[in-house]
Every structure is written in structure tokens, then in C-alpha cells.
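K.L.:
Now for the letters of each chain:
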Amino acid sequence: EAQVTQNPRYLITVTGKKLTVTCSQNMNHEYMSWYRQDPGLGLRQIYYSMNVEVTDKGDVPEGYKVSRKEKRNFPLILESPSPNQTSLYFCASSFGTSGHNEQFFGPGTRLTVL
Amino acid sequence: GQQLNQSPQSMFIQEGEDVSMNCTSSSIFNTWLWYKQDPGEGPVLLIALYKAGELTSNGRLTAQFGITRKDSFLNISASIPSDVGIYFCAGHAGGTSYGKLTFGQGTILTVHP
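Note that the protein sequences, when read in sequence, are chains A and B. Just so you know, our numbering puts 22 at position 22 of the first sequence, and the rest follows in order with no gaps. Just so you know, our numbering puts 84 at position 84 of the second sequence, and the rest follows in order with no gaps.
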């Protein structure tokens, strides 16, 4: 089954404790992206990747890191999480490199930083 | 970054009514996309628009790419309870923003049977 998977689905952590949210897709998509969803703000793009080893900042990259060592994986890293990073996070992928084609979204990761 | 203003923020309608929502931008987009998010899930693409003036339908849904390239509209006809969810517009500008996709704030739709 074609899908985007994220782990964990739920995470409660404390300020400053490094964490990684994994994202994997099995559709051989070039493009992958991370978003955060907050009430009243919609989805905001954190980072995106147009291909292996090619990553770039979205609109809200501060406090986040990403890597794209393999085509299928695009982990999101929070080196020192803070309470304002409490949010619902979505990973997405699409064919092509621009992101304007249909993006397939993962199920989401709900993160709480205390 | 680029800003998308989506309205209305929420709608409460009766089953069978038609629905209209829109997005406006301060800058030009080359692609407009409309997504729907069901509760507890990720967004799913409804309609993609790639050309100014384009009018595209998907069942009871119709979307248009504004002539100015700064706006887009989504209409839902004869709403049903399963239309409940959050609807997002998204724009892709291309150029130096090649990989960026900007989303609107979302329209929360509630349909009363």
C-alpha cells in the first residue's frame, strides 16, 4: 500500500530534550516536506527536500533540522525543543521536485513540549 | 513569507446547501491547490489548478484559478454530512520559491443533517 508513515504518532517531552520524528514514504517520491499545524494558522511549511541531499527552509524553520540521506526517509530533528514547538506535525511527499503536484500526507505526529 | 488569506474561517450549514470559500494572496501563484482534512487525518488533495482562469470540477466540487493569479475559489454543491472537515487552499509560486507551498488558515465546515 502506497503511504507516508510517521513515528511516533504522539509524543510528550520536556524542554531541551532532543527528539527525532521519523518520516518514510514507499512511493519513490523525490519531494518531501514537513509542516506544522496550529489552530487558526493552517499548515506552515518547516523544511522541504527536492531530492536526496537537497533540503531548504520553508516559512518556519527556526528550531528544526532535517536530513535527506535516502530517498524514502526525511526525519525532523528538534535539537532543543521548546513549548512553542508544541503542535501537530505532518510529513508529506510527492512526485516531481517542486511540491506543486499532489502531496500525500502522513497521519500526523502530535507533539507536546512541557 | 507569502501570505494566503482564506475565508470564511468557519461555516455552519444545513445538509443540501451550497458552500463557497475563497483564498486571496498578496502575490502571484502559478498553482492553486485545494485540500480537505478529515478529523484525525492528514490533508487529501481535492482539486489542482495550474492555469489562470481554469475552472475544474471533481464531483460536487468546483474550483477556479482567478484571472489575476492572486485568488482561488472552491464551491461545494448540495452538501452532505461527510463534507465535514477542514478545507485548505495552497499556493505554489515557483521561481525562487520553487519548493515552497503556502497554505491558507483553513475553513472549518460543519454540516447539520
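Calculated directly from the structure, the hints in this document are not laboratory data. Any given hint could turn out to be false.
As the list claims (entries may be wrong) - Dumping the calculated DSBU-like pairs for lysine-lysine here, alpha-carbon to alpha-carbon at most 30 Å:
| # | chain 1 | residue 1 | chain 2 | residue 2 |
| --- | --- | --- | --- | --- |
| 1 | B | LYS51 | B | LYS70 |
| 2 | B | LYS70 | A | LYS69 |
| 3 | A | LYS57 | A | LYS18 |
| 4 | A | LYS57 | B | LYS70 |
| 5 | A | LYS57 | A | LYS69 |
| 6 | A | LYS69 | A | LYS17 |
Owing to the predicted nature of the structure, the values given are computational and were not obtained by experimental measurement.
K.L.:
State for each hint whether it applies.
P.N.:
Hints versus structure:
Restraint check: the Cα-Cα separation between LYS51 of chain B and LYS70 of chain B comes to about 12 Å, which is no more than 30 Å; the hinted pair holds. Between the alpha carbons of LYS70 of chain B and LYS69 of chain A the distance comes to roughly 36 Å, so the proposed pair goes past 30 Å and is violated. For the hint linking LYS57 of chain A to LYS18 of chain A, the alpha-carbon distance of about 20 Å falls within 30 Å, and the restraint holds. At roughly 23 Å between alpha-carbon atoms, LYS57 of chain A and LYS70 of chain B fall within 30 Å of each other, so this suggested pair holds.
Pair hint LYS57 of chain A plus LYS69 of chain A holds up; C-alpha atoms about 17 Å apart against a cutoff of 30 Å. Annotation: proposed proximity of LYS69 of chain A to LYS17 of chain A holds, straight-line Cα distance about 24 Å (limit 30 Å).
Of the numbered hints listed earlier, the single one contradicted by the structure is hint 2.
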